[in-house]
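S.K.: Given only the sequences and the hints, what does the whole structure look like? Please build it.
Read top to bottom, the protein sequences are chains A and B. The UniProt record's numbering applies: residue 1 is where the first sequence begins, and numbers increase by one. The UniProt record's numbering applies: residue 1 is where the second sequence begins, and numbers increase by one.
Note that these hints are calculated values from the structure, not bench results. Just so you know, even glycine gets a beta-carbon here, dropped at the ideal spot from N, CA and C. Accuracy of the hints is not assured; some may be wrong.
Said to hold, decoys possible - Beyond 12 Å from chain B on every Cβ pair, some chain A residues (computed):
1) Ile68
2) Val128
3) Ile222
4) Ala239
Claimed, not checked - Some chain A residues judged to face chain B by a derived CB distance under 7 Å, without partners named:
5) Ala92
6) Pro95
7) Leu106
8) Ser107
9) Ser114
10) Leu122
11) Thr278
12) Glu279
13) Val283
14) Leu284
15) Phe286
16) Val295
17) Pro297
18) Leu301
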Amino acid sequence: MLGNLIQQTVNALTIGSIYALIALGYTMVYGVLRMINFAHGEMFMLGAYVAFLVLSVLVGDVGMAGAIALTVAFLVAIFLVGFIGVGIERVAYKPLRNSTRLAPMLSSLGVSLSLVTGIQILAGPQPVAFPSFFPVVRYEVMGGTITSMQIGILVAAFVLMFGLYFLVNRSRIGIIVRAVSESRPTAQLLGINVNGAISMVFFVGPLLGAAGGILYASYYGIMSPSMGAVIGLKAFTAAILGGIGSIPGAMLGAFILAFVEVGGTALLPIVTHGVLGTEYRDVLTFAILILVLLVRPAGILGEAVSEESIVYKREF
Amino acid sequence: MSVAETLAAVRPRSSRAVAFLVFAIAIALIAATPFLPNYYIRVIDSLLIYILLGIGLNIVIGYTGLLDLGFVAFYAVGAYSYALLASPQLGLHLPFLLILLVAACLGAITGILLGIPVLRLRGDYLAIVTLGFGEIVRIIINNLDWLTGGPKGIARLDKASILGIQIARPVDFFWLLLVVVLLAGLVAWRLERSILGKAWAAIREDQDAARGIGINTTNAKLAAFATSATIGSIAGAIFGASQRFVSPESFTLQESVLIVLMIVVGGIGNILGIVAGAAILILLPEVLREFAEWRILFLGLLMIFLIIVRPAGIVPRSFGPDKLIRRLIGK
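M.R.: So, in structure tokens, the structure goes:
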């Protein structure tokens, strides 16, 4: 029983940390642009595909092998996806910055559709086996099984999240991004390079999302062009649950969501005596989201600011 | 340059000619459809269903300014109403018109059920809750095997008939859908001009100010959700009757998003825009069939391009059906 509990907790933490990496991208973009970036799930998917490509080049053409190749592939892939993110912002969202709020969101839907189809054309629509980025060793902890892969994912995710924490709270770039997020017009009046800050957000967000994608594909040993849509939706739900625009909120929301999912899978059939099976897990997730939003309409850690201060342009 | 810009730029007399041309093309298309091969009629049927869905969703998004990403739930309610009440699944075989009425009522009820929890939410939070609602409905349909048949869906639905006239061929559905779309379009357009429509516009522009001048925003929003859901549900029932098969696959989040896109690409808040948006997003993939998945890539890029070039849509809100008619009769 205790072993099972430990094992499920570690499962939830692993999934939660991957959700958190993606949710951060949603929340940061929302923070500066008040825009839901529907293409963000695709950064997650691109991360896995780019890492796969880089790895096959490193192993096949350069002759690199082992842990070095994996580390290099991981780093090259996340930075590449970061630059792709910046490029997409320039082309598809920047021209719409002074348009209605719905316009960039739908442009991001177009980006999402194009990226998924593009990958389908290039790599085929079928799922592809993904190499494991961590050696798989099983540890028995008080009757529960924990793999070294889970520990590796947790460590990698937490290193990235602490990196983000320092970037946002302790660096000059972080101050600029926070200022723009607080109020873009004011930041602009103070001479802050708003475009630079937005580019920064569109670099860091996809970078974290890509890292999440690589870790996820590595965890399940598989990647597919549609993986971004499914997990992106989960991470987006997590960001909203925590309070979109809030960085700690995104992490909190992600872990809550992961625990609800893992707990729901384990407990739903038992609690309801088999009436509701594990397939109702997502119903439980969304039901909890709706309940939380009924009590706190701006999410758990979201600021309950008045509408005027958030919306400086028309909604639609 | 779009139709609307062309119309605005040229002198009144030639703009009248353009309006006349638009009507002439529309009538010619309608008149020609029955003589086309069945495959093309089916495509046009599905175009009309999407226009109907667009008209319904536009009431919430375009008129009231609430982003609803779970519209497909109402479509599903309608389709499954027909599937359950006119198939061997439950052994019920009710007449088509009665089911339409039931579907409309069920749609309105689900619309209000969704409307109540989201009344307090704004903007993007509303979007995610409606999205969650749509997903919940789909997952429940997918798993309630004893009632809905689960992922396999319900097959062998009855052939529809209205007052003894059987509606089974694509052409029959074309005429039925044409009438329903025209009716729904007329209702939506008149509603927009009514006092309720003005309350919706006030909520869209500034919710707090709307409340300040004494508009009951709660009731107005619920009315928007209920009307929109009713239209969506009717579209679903007709869809069920025309396919004679329903399964959860037709009611995914992608469908909701497609309808939203149709509205925004075409022209938010404008029925003419919805027709234009639906024509592009539904017909283009059919026209470009031979290019397989490349057409989807092209569609994605076209979407980005259209939104950047015309953020207010192909036919902007200001150019409504009344403008077109006024141009035609020369006032």
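S.K.: Each hint: holds or not?
M.R.: Status of the hints after comparison with the structure:
1. Distance check for Ile68/A against chain B: the nearest CB is about 36 Å away, which clears 12 Å, and the non-interface claim stands.
2. Residue-level check passed: Val128/A sits 17 Å from the nearest beta carbon of chain B, beyond 12 Å.
3. Listed as outside the interface, Ile222/A is consistent with that label: its C-beta sits roughly 21 Å from the nearest C-beta of chain B, beyond the 12 Å cut-off.
4. Remark: the non-interface label on Ala239/A conflicts with the geometry, its nearest Cβ contact in chain B lying 9 Å away (cut-off 12 Å).
5. Given hint, Ala92/A at the interface with chain B, holds; its Cβ is 5 Å from that chain's nearest Cβ, closer than 7 Å.
6. A cut of 7 Å between beta carbons decides the hint on Pro95/A: the least distance to chain B is about 5 Å, and the hint holds.
7. Evaluation of the Leu106/A hint against chain B yields a held restraint, the C-beta minimum of about 5 Å falling below 7 Å.
8. Residue-level restraint check for Ser107/A holds (minimum Cβ-Cβ distance to chain B is 5 Å; threshold 7 Å).
9. Checking Ser114/A against chain B: minimum C-beta separation of about 3 Å stays under 7 Å; hint holds.
10. Checking Leu122/A against chain B by beta carbon gives a least distance of about 10 Å; that is not within 7 Å, so the hint is violated.
11. Given hint, Thr278/A at the interface with chain B, is violated; its Cβ is 10 Å from that chain's nearest Cβ, farther than 7 Å.
12. For Glu279/A, the interface hint holds, the least distance from its beta-carbon to any beta-carbon of chain B being 5 Å, beneath 7 Å.
13. This hint holds: Val283/A has a C-beta 5 Å from the nearest C-beta of chain B, less than the 7 Å allowed.
14. A distance limit of 7 Å between C-beta atoms decides the matter here; for Leu284/A the minimum to chain B is near 10 Å, and the interface restraint is violated.
15. About 3 Å separates the beta-carbon of Phe286/A from the nearest beta-carbon of chain B, less than 7 Å, and the hint is met.
16. Checking Val295/A against chain B by beta carbon gives a least distance of about 10 Å; that is not within 7 Å, so the hint is violated.
17. Satisfaction of the interface hint for Pro297/A is found here, the shortest Cβ-Cβ separation to chain B being roughly 5 Å, below the 7 Å cut-off.
18. At a threshold of 7 Å, the smallest CB-CB gap from Leu301/A to chain B is about 14 Å, leaving the interface hint violated.
Of the hints listed earlier, those the structure fails to meet are numbers 4, 10, 11, 14, 16 and 18, in rising order.
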